Amino acid sequence: MHGFANPKRFLSLATWLTPLLLVGGLLIAGGALAWGLLFVPPDRLMGETVRILFLHVPAAWLGMGGWTAIAISSLAFLVWRHPLAALAARAAAVPGAAFTAICLATGSIWGRPTWGTWWVWDGRLTSMLVLLFLFFAYIALAQAAEREGVSERIPAIFGLLGAVNIPIINRSVVWWNSLHQPPSLTMGKSAIDAAFLVPLLFAVLGFSLLFGGVVLARMRALLADRQAEARLRRKAMEAPAFGQVRGVS
Amino acid sequence: MSAVSPSGSRLKPKHQRLVLVVLALVALIAAGLLAAYALRNQASYFYLPEQMRDDPPAIGQAVRLGGMVEDGSLRTLGDGVTIAFNVTGLDNSVVPVRFSGIVPDLFVEGSGVVAEGTLRADGTFVADNLLAKHDENYVPRELQEMTEHQAAEMAEETMVGIR
Amino acid sequence: MREALDQWDFVIAAYALGVGGTLAMAGWAWAAMVRAERRRDAAKRK
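Chains as they are written, first to last, in my numbering: chain A, 215 to 463; chain B, 1484 to 1646; chain C, 876 to 921.
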């Protein structure tokens, strides 16, 4: 694991893995969505709106998966002081927030024709909205850590605290009466017919690969920013007069 | 932390941190889950019919009732606008509901519903808004051996007069 | 009275939002990475 503490080793892997994951993810997710939009039969009750499933479920999974990634990376950072772990946690925040927002938006659009309402304050919807706000808070904290010299441990601790919400989201439809349906996919069981399940699994796979690609791209960007800063600072130290006259921006 | 420990044991503070963080995490998650679990009833979105029977809300208080629309119970009243149906719960409890207004497309007999409204003294629930609840099953129309036409017909049958 | 909404309106709105959002996010991440790495390489050469 500590082999990757060296950014060179990480970069040699990420250089080819990033475009591979991004392109592979886009192709698979795009194919699954086209399948879901054009070739899947309408649902017995919901009719055509069942097609929103192929966006809504991967987005929900990656929104929650994004925070889980933040929590695990934060744990690795707090315990092993692994510098790349802090980077990985920060990198998962924006895509996680984006997928949470997509999950809420597609869910709302789905709710109008099926439930008859855009939004209700039931356990599932409320806890998912809380997750979106947690992402915003985490992004703000991580930026403060980077720019204003706040300890990197603060966002890491927040990332761990926020993980409490993940099992609450997961169990919300079981613990509380809710308008949102109970889980369709439980350990080894599926209440979703194969005609919907197969494209759904492809969509989840495609979006997950895409998510991995975006996280790697974010990590590379953050790492490059840090390296550039460090290099400019070193240059400024080597030639103070030059640095002062020209400025380092 | 590492400065305190003797230089010979580099792993020690690492393990200390691991134990500390894991303990804090376990305590936190347990506390969060306990709090959420304690909220069980307060955070529920609606009353089930059996909950409404055992612990009824005050007459006229705005509440929600959720359950299944009983098969064969749906009918239109004399005024042609108001519909009446029974909502059943997990046991045999039944609450009669009345509603006049626009019905969501997914609202059919044998399917889930959440009604917003008030309980009246005679035990009927007067709804001013209906929400359809979808269950966890996803089944293609074809598999139900129904064409779109037949499905529409069925929906019409269960909705006699509600158009 | 039935609502009788056109379901395709909602499907298309959801797909436009979901696909657009995903592409925008992936594109932004890629562009930000290319920009940052170019800046680092420029700093290296200076």
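I should point out that these hints are in silico values taken from the structure, not numbers from a laboratory. Being a predicted model, the structure only gives us computed values, none of them experimental. Take these hints with a grain of salt, some might be off.
Quick partial rundown of chain A residues pointing at chain C, CB under 10 angstroms, derived from the structure [as the list claims (entries may be wrong)]: (1) Ile-242; (2) Gly-245; (3) Pro-255; (4) Met-260; (5) Arg-265; (6) Val-308; (7) Glu-360; (8) Arg-361; (9) Glu-362; (10) Leu-419; (11) Ser-422; (12) Leu-430.
In silico BS3-like pairs for lysine-lysine, Cα to Cα no more than 27 angstroms straight-line [said to hold, decoys possible]: (13) B:Lys-1497 <-> A:Lys-403; (14) A:Lys-449 <-> C:Lys-919; (15) A:Lys-449 <-> A:Lys-222.
Beta carbons are placed, not taken as given, at the ideal position from N, Cα and C, and that holds for glycine.
I'd like to know which numbered hints this structure contradicts. Please list them from smallest to largest.
1, 2, 3, 7, 8, 9, 10, 11, 13
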